[in-house]
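S.K.: Okay, here's what each chain looks like letter by letter:
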Amino acid sequence: MFGRIFYYKIKELMRSYWLIGWNFLFPLVLATAFYLGFGRMMTDDPEFFHTIPVGYIVSEDVTEENAAFLDVLAELTKEREDDVAVLKTTEYDDREAAIAAMNANRISGIYIIGADIETIVAKNSISASTLNQIVRTYENHATTLINIAKDHPESLQKAMDLLSEENTYIKEHTFQRETSAYMQYFYALLAMTALFSSWISTVILEGICANKSESGKRFEVSGAGKLSSIGAGLLAGLLLQCLSNTVVICYIEYVLKLSFGMPIWCVMLVTTLGSGVGISVGCLMGSLIKNPALLVVVPLAFSMVCSFFSGLMWGNIKQILEYHCPIVNRINPAALVTDCLYIRSTYGATPMYYQNLVILAAITVGAMLLSSLILRRRNYVSL
Amino acid sequence: MNEKVIQIDQLVKRYGENVAVDHFHLEVYDGEILGLLGPNGSGKTTTINCLLSLLQYDKGDIRIFGKEMRPEAYDIKNQIGVVMQNVAVVDTLNVYENVDFFCGLYVGDKKLRKQYVEEALEFTGLTDYKKYKPKKLSGGLLRRLNIACGIAHKPKLIIFDEPTVAVDPQSRNAILEGIKKMNRDGATVIYTSHYMEEVEELCSRIVIMDHGKNVANGTATELKATLMNRETIRIGLPEKTESVLQGLSEINHVYKVKIDGDDVVIKCDGGDHNLVHVLSYLTDQNVPFGRVSTELPTLNDVFLEITGKELRD
Ligand SMILES: Nc1ncnc2c1ncn2[C@@H]1O[C@H](COP(=O)(O)OP(=O)(O)O)[C@@H](O)[C@H]1O
Ligand SMILES: [Mg+2]
Chain A
1 MFGRIFYYKI
11 KELMRSYWLI
21 GWNFLFPLVL
31 ATAFYLGFGR
41 MMTDDPEFFH
51 TIPVGYIVSE
61 DVTEENAAFL
71 DVLAELTKER
81 EDDVAVLKTT
91 EYDDREAAIA
101 AMNANRISGI
111 YIIGADIETI
121 VAKNSISAST
131 LNQIVRTYEN
141 HATTLINIAK
151 DHPESLQKAM
161 DLLSEENTYI
171 KEHTFQRETS
181 AYMQYFYALL
191 AMTALFSSWI
201 STVILEGICA
211 NKSESGKRFE
221 VSGAGKLSSI
231 GAGLLAGLLL
241 QCLSNTVVIC
251 YIEYVLKLSF
261 GMPIWCVMLV
271 TTLGSGVGIS
281 VGCLMGSLIK
291 NPALLVVVPL
301 AFSMVCSFFS
311 GLMWGNIKQI
321 LEYHCPIVNR
331 INPAALVTDC
341 LYIRSTYGAT
351 PMYYQNLVIL
361 AAITVGAMLL
371 SSLILRRRNY
381 VSL
Chain B
1 MNEKVIQIDQ
11 LVKRYGENVA
21 VDHFHLEVYD
31 GEILGLLGPN
41 GSGKTTTINC
51 LLSLLQYDKG
61 DIRIFGKEMR
71 PEAYDIKNQI
81 GVVMQNVAVV
91 DTLNVYENVD
101 FFCGLYVGDK
111 KLRKQYVEEA
121 LEFTGLTDYK
131 KYKPKKLSGG
141 LLRRLNIACG
151 IAHKPKLIIF
161 DEPTVAVDPQ
171 SRNAILEGIK
181 KMNRDGATVI
191 YTSHYMEEVE
201 ELCSRIVIMD
211 HGKNVANGTA
221 TELKATLMNR
231 ETIRIGLPEK
241 TESVLQGLSE
251 INHVYKVKID
261 GDDVVIKCDG
271 GDHNLVHVLS
281 YLTDQNVPFG
291 RVSTELPTLN
301 DVFLEITGKE
311 LRD
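Just so you know, the sequences run in chain order A and B.
One point on numbering: in our numbering, the residue at position 249 of the first sequence is 249, and numbering is uninterrupted.
One point on numbering: in our numbering, the residue at position 93 of the second sequence is 93, and numbering is uninterrupted.
This is chain A alone, in the form it adopts within the complex (with noise of 0.2 Å):
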């Protein structure tokens, strides 16, 4: 029996044209139009990929602190766990030919290290704020580090460690901070496919119990037991979600080329659950919903409600809401499900991510155990 129902139920939806538009279809051209928006500059940037060439030239006045910045460079162009360097660095002996060379985009920076370290950058662009940003630190660090050689000089070798340190820090939390910006837009899409299948959850109950639809008085005048059958429903639309969510990976990641910065099968992990929400919170508003047309609309606009406080239109509203509210962002669905990936991508596996699954998981059980108690005490129907 339920074998049949999940069966059927698969077929049903597939054959459905509005699901193949909204589940499928949709996500794919909105990727497509962020991927024309501003996807160019995620493949594009430099650094996303690449090390920026950078060059430098040390002036004669020189002071001995900062020729220590030399160092740093070495350090910087050296080849980190993922094979990329941050800087590949050229020395120029005037500053005229270093400017030709950044001019004819050679270099995208330079460094002219005297009595101070001076910037200069050709563009307004990521890989200026990556130099000035190496410079800032090393200056922090440099007043850090002559006092520390002046009251304990024993400790300098392990300062020095901690600067390197930092710079794995600087390499890691502003080089991908800044192409995740972009990516905020696509793991908030995801999130917005993955909450479209409250609307499957709706058409499936829709379908099954008798006060929505004729052939739902079938089901309940049936040997079929109620919540089995909404079970099997359920069941096959998540399925069916999972499927579009894998298409629109595949799509973004094969087809536009644009890097989620972890293995497929996370991203997968994290939109299944973020569909089990959608799939729940729609079977807890089917339950609750009697109006026909409301039972698209008001899964449609909680699917867009969240993806937009996700930062699916605007991307620094999650920013905003983390000050001003931060709870939002720990309910919202779409929130939990760009944060997780995020995270997962910027940091890994952090205690923060595993939070974040735990509460969307959470949020399923709870929408489900709800709509099955309303579910199971509605033992007749108001026709």
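Bear in mind the hints are in silico, worked out from the structure with no lab data behind them.
We put the CB at the ideal spot given by N, CA and C, even for glycine.
Honestly, I wouldn't trust all of these hints.
A short list of chain B residues far from chain A (calculated; beta carbon distances all over 10 Å) [what the hints assert, rightly or not]:
| id | residue |
| --- | --- |
| 1 | Asn183 |
| 2 | Glu250 |
| 3 | Lys258 |
| 4 | Tyr281 |
DSS-like, lysine-lysine: derived pairs with alpha carbons at most 27 Å apart [as the list claims (entries may be wrong)]:
| id | chain 1 | residue 1 | chain 2 | residue 2 |
| --- | --- | --- | --- | --- |
| 5 | B | Lys111 | B | Lys154 |
| 6 | B | Lys114 | A | Lys290 |
| 7 | A | Lys11 | B | Lys4 |
| 8 | B | Lys156 | B | Lys180 |
| 9 | B | Lys213 | B | Lys181 |
| 10 | A | Lys290 | B | Lys59 |
| 11 | A | Lys11 | B | Lys133 |
| 12 | A | Lys11 | B | Lys131 |
| 13 | A | Lys11 | B | Lys154 |
| 14 | B | Lys114 | B | Lys131 |
| 15 | B | Lys180 | B | Lys4 |
| 16 | B | Lys110 | A | Lys11 |
| 17 | B | Lys309 | B | Lys258 |
| 18 | B | Lys181 | B | Lys111 |
| 19 | A | Lys11 | B | Lys181 |
| 20 | B | Lys110 | B | Lys156 |
| 21 | A | Lys11 | B | Lys180 |
| 22 | B | Lys111 | B | Lys133 |
| 23 | A | Lys11 | B | Lys111 |
| 24 | B | Lys213 | B | Lys4 |
| 25 | A | Lys11 | B | Lys309 |
Guided by the hints, dock chain B with the ligands onto chain A, whose structure is given.
M.R.: Chain B with the ligands in isolation, oriented as in the chain A frame:
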């Protein structure tokens, strides 16, 4: 007497002020085709919905196969087939898939189900339309699909709620023949309708329903027999003057005189030789008259007699 399949006692269902089913009682025995006859809005569908535990009712006791019917009485539900008043099929599935899908809610075994589905399609004459989507079917074929979906699992008790509404005469006959055949094969049938001819032709016993009440019950012959002392005389009368009509109504046992087109319809209750009295009156008065006929009571007359209104409006 056969075993009782359905027993409904004192069923009451209210919609706010409106009492849709009013202390309704019904017994259905094994092997019969029970016709539930009543005009639109008399509460037939509501009764069926209560019977199937779709609707919660205010009062009453419903037993099917000797057991109390409840929403979770799946063992009872498994043996019932329902053909609802409105077409209930899945638009995205084709004819075969629809029947297979709904049959699958009852029959788990794959081979048996395939056989049942094929038989149901054969039975409803849909074998040639297996691959059609419901939207492509004509009204009559769609109704037949609706029936096939409800009966494919060969239930012991089948409930039809106005299955012939908006169906062409050919499909209608096919449907009625089909129901008779299912009954011959052992199914007990409840058939609701507001068409008395259909009910009279098909049903072994009839319950007349009005304003949610069971107002009469028996075979068509039994019901009409209550009116057997009634006589309806129809006479073609070219000159229908006031005095003639007055004179006719004053004849002994005549209680109603009505003009119906060219004819005058005279209703008599009891008494012998009513026709002779009427004709001799007309001859005495030198009133010319045409064709004369007497009519037996119809179910409509029965309904009229009980409720004071026509079954058909
Ligand atoms: N959902 C409902 N809400 C309010 N009144 C209803 C509802 N369904 C039916 N009724 C009323 O109950 C009465 C019986 O209706 P119904 O059972 O559909 O009659 P039938 O099937 O004999 O035509 C009618 O007066 C109808 O207006
Ligand atoms: Mg009805």
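S.K.: Next step is simple, just say for each hint if it's right about the structure.
M.R.: Structure-based check of each hint:
no. : hint                : in the structure
1   : Asn183              : 20 Å, holds
2   : Glu250              : 53 Å, holds
3   : Lys258              : 41 Å, holds
4   : Tyr281              : 56 Å, holds
5   : B/Lys111 - B/Lys154 : 15 Å, holds
6   : B/Lys114 - A/Lys290 : 36 Å, violated
7   : A/Lys11 - B/Lys4    : 41 Å, violated
8   : B/Lys156 - B/Lys180 : 14 Å, holds
9   : B/Lys213 - B/Lys181 : 30 Å, violated
10  : A/Lys290 - B/Lys59  : 25 Å, holds
11  : A/Lys11 - B/Lys133  : 13 Å, holds
12  : A/Lys11 - B/Lys131  : 14 Å, holds
13  : A/Lys11 - B/Lys154  : 25 Å, holds
14  : B/Lys114 - B/Lys131 : 15 Å, holds
15  : B/Lys180 - B/Lys4   : 20 Å, holds
16  : B/Lys110 - A/Lys11  : 18 Å, holds
17  : B/Lys309 - B/Lys258 : 15 Å, holds
18  : B/Lys181 - B/Lys111 : 24 Å, holds
19  : A/Lys11 - B/Lys181  : 34 Å, violated
20  : B/Lys110 - B/Lys156 : 20 Å, holds
21  : A/Lys11 - B/Lys180  : 35 Å, violated
22  : B/Lys111 - B/Lys133 : 24 Å, holds
23  : A/Lys11 - B/Lys111  : 21 Å, holds
24  : B/Lys213 - B/Lys4   : 21 Å, holds
25  : A/Lys11 - B/Lys309  : 51 Å, violated
In the structure shown, a violation is registered for the earlier hints numbered 6, 7, 9, 19, 21 and 25, in ascending order.
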